[in-house]
Structures are given as C-alpha cells and as structure tokens.
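K.L.:
One-letter residues, chain by chain:
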Amino acid sequence: MIKLDNVKKIYKNEHVALRGVSAEIDKGEFVFLVGPSGSGKSTFIRLLNREEKPTEGEVWVAGKNIGIIPGYKVAQLRRNIGYVFQDYKLLANKSVEENVAFALEAIGRPRHAIRTQVPQILELVGLAEKAKNRPAELSGGEQQRVSIARAFVNRPLILLADEPTGNLDPSTTVGIMKLLDRINRTGTTVVMATHDRSIVDTMRKRVIELEAGEIVRDQDRGVYE
Amino acid sequence: MAIRLDYLARETGQNLVRNLLLTVATMLIVTVSLTMLGVTILLGYYGLNNAFVAYNQDVSFIVYMEPTASQDQINALARDLKRSPQVDDYDYYDQKKSFELFKKMFQGTEEVSGLLTQSDMPPSFRVKPKNADAAVVTVLARSYSPKPGVMKVDFPAEAIKPVQAAALQLRTWLVMGVIVLLAASIVLIFIAIQTAVFSRRREIEVMRLVGATNWFIRIPFIVEGVIEGLVGGLLATGFAALLGVGWKGSKGTLDNTLLTKFTWTAGQQTSTSLLLIGLGVVVGALGSFVATLWYLRD
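Just so you know, the sequences run in chain order A and B.
Numbered by my numbering, the letters in the first sequence go through residues 459 to 683 in order.
Numbered by my numbering, the letters in the second sequence go through residues 709 to 1006 in order.
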C-alpha cells in the first residue's frame, strides 16, 4: 500500500527533514510514527499525500510513484487519502454536516450521494444529533470527530493523522483512538504521528520511531519507549 | 469533473458579497474604463470618420469674387468652371444668397450681422471637384486665384486639417488612457480575486487536501471576475447609449459647427456595445485567471 524507498527530504532553507528513510506499510495496517519534535514525522506524513515531494528516493502509494506524478493527478490521489489535523481545520461558518458535505462537494459528488453519506458518517462518529451545530458550539473532542468524519466520508484507502489528539485531554483521546481503531478495522490503513505515550503503549500497534530524520526503530506491537 | 451549478452559484455569490466594497470598486473601474473606450470608439472613431466622409462629400473649395466684380467677370469664371473637365459641379452664391447665409450663421447676434450689408458680401462659387484628392484639389483651386475679379480661394478641406490632426491626437491620447484604465481594471480584478482567495484560504486548503482539482477551486473565482467585468461592460454600454441619445438630442445647439458632422449609425452603436460587454468579460476572466493561476498553483 505504502512504500518509501531511501527517501531524503531537504527543504529550501536547507533543513534536512528525512535522511534516506525506507519503510513499507501494508493495506489495513495501523502505524504510529513517534519521535521528538523535528524528527521528521510530519514530513513523513506530508510526503504520503504529496503535500511535499521527496528530494531523493521514491514514495509509492497504491502502486503509484507519487513523487513524479503530474500535478493534475494529485487531486485524484488525495481522494484515496483522508487527512486528520491536530487543529481540526473545520470551517467556522459551516455547520457540522456542511463541513462534512463540503469535502464531498469539493470532489464533485452528486447531491443524492452527499445526502446519503453525510448522515451515515455522522452516525459512525457519534455526532448525528449535532449535525446542525457550528464548530464553535462543540468540544475539542467533538470537533476532532467532525474532522475524522470529513476525512473518512469518502471511504479512503489510507487515513493520515498528524497529532490528532495533541489538543485533547486523556479521556477524549481514548474516544478518538477508539474511533480511529474502528475505521482501521474496516480495512483502511491508518498512519498516525503522535507524541502521546499512553495511547501507543495501550494500543500496541506497529511503531516507527524517527530521530533526526532517520528511522531508528520499526517494531510490530510496539510501545512508545 | 463536473461542477454543480448550485455549488458554483453559492460559492461565487459568497465571494462577491464577502468583499462587497472591493467588488463595487472593481465594477466601477471597469465601467469607467469601458465607458471611456465607448466614447473613444463612438466619437473619436466612428464620429470622426463619418465627419470626414461628410466633408469629402461637401464643397471642396470656394472661389470668392470681389464684391465689386463685374457680371462679365462672374460669367467668365462660371464658364471656366463649366468647361473644366476636373470640376464635377458647382453652386453659385450671389450677394443676396451669401447675405442670407451670413445672417443665418450670425442669427441672434445683431451686433455682428448689423455691421455688413448685402453689397458687402462677396459672391462665391462652391466647387466640387471630380477628384477629391487634396493635392489635386489644391492645384485646381489655386488655378482660379489669378482670374479677374477673384478675391480669394478658400479650402474647407485645408481648414479641416488642423481639426483632423487635433482630433487624431485626441483619439491617440484617449486610446492610451483606455489602455491604462483597462490595465488598471485587470490589476484591480486581480487584487479582488486575490483578496477573495486569501479570505477563503482555509476552505481552499481543505478542498485541496480532500482532492478537489485546481480547476474546481478556480472556477468560482473566475466566474466572480467574469461577473465583475460583465457588470462593468453592461454599465458602460448603458452610458454609451446615453451618450448616443444625448449627442443626437443636442444637435440643435451644435448647428453650423464641425461637431454636427460627428455621427454614428445604430449598427455602430450596437457593435460598440457588444465590444464593451465582450471586453468586460475578457478583462474579468483574464484578471481572475491570472490571480488564481498565481495563488492556486499545483
């Protein structure tokens, strides 16, 4: 599903984010990316949906070398990849259901499909009753659920999550992790960057640890350490 | 990827309303620049050209006789004109007819018209040559200067030349002004769209990440620019139509001036209107396309 082959990423300011990283992630896996700030976790994730291009090496997603695909094919690639942010990135002037529907409108889905899919996904994330609320009227955990609903409504093959629990308290974090686990059980590959030791240690999934742009550990059913 | 019309209408409408002041300012500058272009085309191009066509069809030169010229001298000149193979036609204005024309020209200004009497009026021949070429007309006209009883020969075509030169210069300046204003319109539309893109940057970021194509994101902004240009074009067309009505209505006050010759047909008014609307759309599309190209790169 995902393969990084000797990937190096150097930004324009000459900061070296990744130094020859290689890894393979199979379909349906749940992978934690751990490591200190600046270790390259976010760059790793941003390479997977072509927000960034590798300076050297190859990034393969669903059989395509996405480092070299032309710009106009990037949109198609991203429809197979959901993205969850630490700061939710919800649109304040839209209701919960409009935020989710917006993701489907933006890729040109027909109205009847939107009318069917949005209530289903809000049911899945437990926010059916708050469909008409604005993001400002929700708690942090609920806002992150909306963000996950938006990322998953198109049933992507891969879900990328960059510190999705970074702004949440421990009890809310558990709810979000349960939701991501549930999504993973539908066959969706989940790659999640995190600093949260407790959730990594609790879930015992595969752990890839980065340090100064290099993979220093790749462990099945690993812990944070 | 098909774009839904209700989505397009909603997004474009939101963009237009969100920065209403800038939207109105953009429409106004497009209106001003296109109105100027309309005036330039109608008055400076069609009007001027039609005025020259009218002048070319008029008398090409006038031979003024001395007021004291004898009837024999007048008859001799009339014979010369009639025999000349280069003269197409001529009209003879005797002293009575000349005085009537003079009185008509200075109607209401008795302090001028009262200074002269019929006997002061020089009789004249208004001559239309077969060949309208200025050089040929000049040689032909000058050949009548030395004839007995001739006071002077006037060239209306010569008289109009400074006016023509001034009008052409004015037209050049107007065209340059229009170019500057059209460029300003494009820049303002660029800024308006840039502002709209900036105020919607969060939505755009989300759209890109969920897999919206750049064209899908761009189209509402381009439609916004086109609407701004179109409204400017339509308003300019309205002002150009008002100019047409006003110009025709003021003909009475322009009697006996060169400006009465500045006319244009209904067809020319229509084609100018279509050009203004089309240009408004093009300016809007161009400004917004460049803005989205700049800010929504792959």
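Rather than coming from a laboratory, the hints here were simulated on the basis of the structure.
There may be inaccurate statements among the hints.
Here chain B is said to cover these stretches of chain A; the calculated rule only asks that three of the stretch's residues, wherever they fall, bring their Cβ under 8 Å from a Cβ of chain B [to be verified]: (1) 541 to 554; (2) 635 to 648.
Derived Cβ-Cβ restraints for the label pairs, each shown as a range [said to hold, decoys possible]: (3) Lys531(A) - Leu716(B): 21 to 31 Å; (4) Arg726(B) - Gln534(A): 41 to 51 Å; (5) Asp545(A) - Val883(B): 52 to 62 Å; (6) Lys636(A) - Leu716(B): 37 to 47 Å; (7) Asp714(B) - Ala550(A): 15 to 25 Å; (8) Tyr469(A) - Leu736(B): 41 to 51 Å; (9) Ser597(A) - Ala891(B): 48 to 58 Å.
The beta-carbon is built from N, C-alpha and C at its ideal position, and this holds for glycine as well.
K.L.:
Decide, hint by hint, whether the structure agrees.
P.N.:
Hints, one by one, checked against the model:
Interface restraint, the stretch 541 to 554 of chain A with chain B: holds (3 residues with C-beta to C-beta distance below 8 Å; minimum three). Here's how the stretch 635 to 648 of chain A fares: 0 of its residues keep a CB closer than 8 Å to some CB of chain B, so the rule of at least three is not met and the hint is violated. Judged by the Cβ atoms, the range 21 to 31 Å given for lysine 531(A) and leucine 716(B) holds: they are separated by roughly 24 Å. Separation of arginine 726(B) from glutamine 534(A) is about 30 Å and departs from the stated range, judged on CB atoms against 41 to 51 Å.
For aspartate 545(A) paired with valine 883(B), a C-beta distance near 53 Å keeps the hint of 52 to 62 Å intact. A hinted range of 37 to 47 Å for the beta carbons of lysine 636(A) and leucine 716(B) is consistent with their spacing of about 39 Å. With their beta carbons about 22 Å apart, aspartate 714(B) and alanine 550(A) fall inside the hinted range of 15 to 25 Å. A hinted range of 41 to 51 Å for the beta carbons of tyrosine 469(A) and leucine 736(B) is consistent with their spacing of about 44 Å.
Evaluation of the 48 to 58 Å hint for serine 597(A) and alanine 891(B) yields a pass: the beta carbon distance comes to about 52 Å.
Hint check: violations occur at hints 2, 4; the rest are consistent with the structure.
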